[in-house]
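Take a look at the letters that make up each chain.
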Amino acid sequence: MTVTVQTACFDPGAMLNRLHAQQLGVGAVVGFTGYVRDFNDGQDVAGMLLEHYPGMTEKALHSIVQQAQARWPLLSVEVLHRVGRLEPGEPIVFVGVSSAHRAAAFEACHFIIDYLKTRAPFWKKEDSAEGPRWVDARESDTQALDKWRCP
Amino acid sequence: MTVTVQTACFDPGAMLNRLHAQQLGVGAVVGFTGYVRDFNDGQDVAGMLLEHYPGMTEKALHSIVQQAQARWPLLSVEVLHRVGRLEPGEPIVFVGVSSAHRAAAFEACHFIIDYLKTRAPFWKKEDSAEGPRWVDARESDTQALDKWRCP
Amino acid sequence: MINLQFFARYREVLGVEQQQLAWSPELSNLRALRDALLSRGEDWQVLAEPRLMCALNQEMVSLDAPLQDGDEVAFFPPVTGG
Amino acid sequence: MINLQFFARYREVLGVEQQQLAWSPELSNLRALRDALLSRGEDWQVLAEPRLMCALNQEMVSLDAPLQDGDEVAFFPPVTGG
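Chains as they are written, first to last, in the working numbering: chain A, 4 to 154; chain P, 4 to 154; chain X, 63 to 144; chain D, 63 to 144.
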């Protein structure tokens, strides 16, 4: 398991390929990449600044990955999240999971990004034509957690 | 949308990166890669031969992708499946989807591989210590389709 | 004419990959065609498997699908790609 | 001592990023600490927002979490990463 928080840009394809390297028990790899869009909540976005809570960020991400590992049989997990200045089209976050079978890989990857969205201390400030604005949390991100509640 | 059936090996990371290239409306990319494992159904696997139904294969894959596009708002879709001789550790299949938001990308990618598993005319013949054997279809792959039935 | 095709284990058991077959009105659907093939001998009983899959003109269909002269028909075991 | 931190919009509104605060037994939990901060003036009413989030020693907790001398406490708006 690797958790990385960095300002530098990264190559999602290279992250994806790391999840298989040399592991002949891996049958399925699922990777999620989040990108900066040029449009959000009805406004053009010229870029953004990503703030975080150093120290807590890494702890929160490790905790989320550990919850996923306790719930699904995973072989490896990679989480990378950028902070600082980002331009439209750049990748923000990568979550990749490998497993023997696909259902575990899909569910664990989706679980990790859903929890990251509501539990990891990152905040986006977008540059729009009307000046910078803090992005509002989406109710839909909180609702997304409902599907992971144990029955 | 691109659907490819080929004997040559491929680079999952390069496939993943193609799903974003130049599209500033893409917020989420989800990629699934299936690999040849060195072990299946209790036996070591030394490699496999993948047979398919040329002509129907491409039609079936296009049809599955079109169903996904009708159900979720997708920006691009890439499906690649290999045929012929494959060694343990090699990638067999890649399904990648891009969308503005993550839920659509996760669900569509998972839907496409679930349908591919039960609806696209591919057959695996594994080389094991006891000689070659045709892989049996899994009941769990048929059951996996249940989650995609419309309520 | 019906263009018949067999894949994977069925292809191996039958020793047949492709075959032309004269169409006749009794071959009204894929089930009638399958039943006619069963009468060919022991190897052909593989087509009686409950999980038999079939395609008509390269689309998966059930054995109830109607058959016409000129159709391409394929029989195969459950698919195992991905 | 309590090590107080504010992030994102709260940091900007309050003009404070980090602050030390003397601990006392009345500051029994995070809610008591938050309420004490509200009395500092108008800007501080931002901490009355119903969606206020808080962390105690870098773990997300509710306002009911008990507070001890030496703790690190952070207040911030709902997170928006990913």
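Hint data in this document are derived by calculation from the structure and do not stem from the laboratory. Fair warning: there could be bad hints in the mix.
Stated by the list, open to error - FRET-style restraints, in silico, Cβ to Cβ:
{"no.": "1", "chain 1": "P", "residue 1": "L52", "chain 2": "D", "residue 2": "S124", "range": "25 to 35 Å"}
{"no.": "2", "chain 1": "A", "residue 1": "T7", "chain 2": "P", "residue 2": "A132", "range": "19 to 29 Å"}
{"no.": "3", "chain 1": "P", "residue 1": "Q25", "chain 2": "A", "residue 2": "R21", "range": "51 to 61 Å"}
{"no.": "4", "chain 1": "A", "residue 1": "R21", "chain 2": "P", "residue 2": "L52", "range": "42 to 52 Å"}
{"no.": "5", "chain 1": "A", "residue 1": "K150", "chain 2": "P", "residue 2": "S143", "range": "13 to 23 Å"}
{"no.": "6", "chain 1": "X", "residue 1": "D126", "chain 2": "A", "residue 2": "A11", "range": "56 to 66 Å"}
{"no.": "7", "chain 1": "A", "residue 1": "T5", "chain 2": "P", "residue 2": "D47", "range": "40 to 50 Å"}
{"no.": "8", "chain 1": "A", "residue 1": "A106", "chain 2": "D", "residue 2": "P128", "range": "36 to 46 Å"}
{"no.": "9", "chain 1": "A", "residue 1": "T5", "chain 2": "X", "residue 2": "D97", "range": "16 to 26 Å"}
{"no.": "10", "chain 1": "A", "residue 1": "T5", "chain 2": "P", "residue 2": "S66", "range": "20 to 30 Å"}
{"no.": "11", "chain 1": "D", "residue 1": "P128", "chain 2": "A", "residue 2": "L148", "range": "23 to 33 Å"}
{"no.": "12", "chain 1": "A", "residue 1": "G50", "chain 2": "P", "residue 2": "C153", "range": "20 to 30 Å"}
Claimed, not checked - One side of the interface only, derived from the structure: several residues of chain P facing chain X at Cβ under 10 Å:
{"no.": "13", "residue": "H55"}
{"no.": "14", "residue": "G58"}
{"no.": "15", "residue": "S66"}
{"no.": "16", "residue": "H84"}
{"no.": "17", "residue": "V86"}
{"no.": "18", "residue": "R88"}
{"no.": "19", "residue": "D144"}
{"no.": "20", "residue": "T145"}
{"no.": "21", "residue": "Q146"}
Stated by the list, open to error - Residues of chain P clear of chain X, computed beta-carbon distances all greater than 12 Å:
{"no.": "22", "residue": "L27"}
{"no.": "23", "residue": "F42"}
{"no.": "24", "residue": "A49"}
{"no.": "25", "residue": "P57"}
{"no.": "26", "residue": "W75"}
{"no.": "27", "residue": "E90"}
{"no.": "28", "residue": "E93"}
{"no.": "29", "residue": "T121"}
{"no.": "30", "residue": "A132"}
{"no.": "31", "residue": "E142"}
{"no.": "32", "residue": "C153"}
The structure presented is a predicted model; accordingly, all values stated were derived computationally and were not measured. We put the beta carbon where it would ideally sit given N, CA and C, even for glycine.
Status of each hint after checking the structure:
A hinted range of 25 to 35 Å for the beta carbons of L52/P and S124/D is inconsistent with their spacing of about 58 Å. A beta carbon spacing of about 41 Å between T7/A and A132/P contradicts the range 19 to 29 Å that was offered as a hint. Against the hinted window of 51 to 61 Å, the Cβ-Cβ separation of Q25/P and R21/A comes to about 25 Å, which falls outside the hint. For R21/A paired with L52/P, a C-beta distance near 29 Å fails the hint of 42 to 52 Å.
With their beta carbons about 20 Å apart, K150/A and S143/P fall inside the hinted range of 13 to 23 Å. Hint check: D126/X to A11/A, Cβ distance near 60 Å, so the stated range 56 to 66 Å holds. Between T5/A and D47/P the Cβ separation comes to about 29 Å, which falls outside the hinted range of 40 to 50 Å. Between A106/A and P128/D the CB atoms are about 41 Å apart, so this pair conforms to the stated range of 36 to 46 Å.
Separated by about 59 Å at the C-beta atoms, T5/A and D97/X break the suggested range of 16 to 26 Å. Between T5/A and S66/P the C-beta distance comes to about 39 Å, which lies outside the given range of 20 to 30 Å. Judged by the Cβ atoms, the range 23 to 33 Å given for P128/D and L148/A holds: they are separated by roughly 26 Å. Checked against the hint of 20 to 30 Å, the pair G50/A and C153/P fails, with Cβ atoms roughly 40 Å apart.
Using the Cβ-Cβ criterion of 10 Å, the hint placing H55/P at the interface with chain X is satisfied: the shortest such distance is roughly 7 Å. Annotation: interface hint on G58/P holds; nearest CB of chain X at approximately 6 Å, less than 10 Å. The closest approach between the C-beta of S66/P and any C-beta of chain X is roughly 8 Å, which is under the 10 Å cut-off, so the hint is satisfied. A hinted interface residue such as H84/P counts as satisfied when its beta carbon comes closer than 10 Å to some beta carbon of chain X; here the least separation is about 6 Å, so the hint holds.
A least Cβ separation of about 9 Å between V86/P and chain X falls short of the 10 Å threshold, and the interface hint therefore holds. Annotation: interface hint on R88/P violated; nearest CB of chain X at approximately 15 Å, more than 10 Å. Satisfaction of the interface hint for D144/P is found here, the shortest Cβ-Cβ separation to chain X being roughly 8 Å, below the 10 Å cut-off. A cut of 10 Å between beta carbons decides the hint on T145/P: the least distance to chain X is about 8 Å, and the hint holds.
About 13 Å separates the beta-carbon of Q146/P from the nearest beta-carbon of chain X, more than 10 Å, and the hint is not met. The beta carbon of L27/P sits about 32 Å from the closest Cβ of chain X, which is more than 12 Å, so the claim that it is off the interface holds. With a closest Cβ-Cβ approach of about 16 Å to chain X, F42/P is found to remain outside the 12 Å limit, as its non-interface label requires. No Cβ of chain X approaches the Cβ of A49/P within 12 Å, the least distance being about 17 Å, so the stated non-interface status holds.
Under the 12 Å C-beta cut-off, the non-interface status given to P57/P relative to chain X is violated; the minimum distance is some 10 Å. Distance to chain X confirms W75/P as a non-interface residue, since its nearest Cβ pair spans about 20 Å, more than 12 Å. Against the 12 Å criterion, E90/P stays outside the reach of chain X, whose nearest CB is about 17 Å from its own CB. Chain X leaves E93/P outside its interface by the beta-carbon criterion, the shortest separation being 14 Å against a cut-off of 12 Å.
Here T121/P does not stay apart from chain X, with its beta-carbon only about 7 Å from theirs, under the 12 Å limit. Listed as outside the interface, A132/P is consistent with that label: its C-beta sits roughly 20 Å from the nearest C-beta of chain X, beyond the 12 Å cut-off. Its beta-carbon lying about 10 Å from the closest one in chain X, E142/P breaks the requirement of being farther than 12 Å from that chain. For C153/P, the condition that its CB be more than 12 Å from all CB atoms of chain X holds, with the nearest at approximately 19 Å.
Against the hints set out earlier in the document, violations occur for numbers 1, 2, 3, 4, 7, 9, 10, 12, 18, 21, 25, 29, 31.
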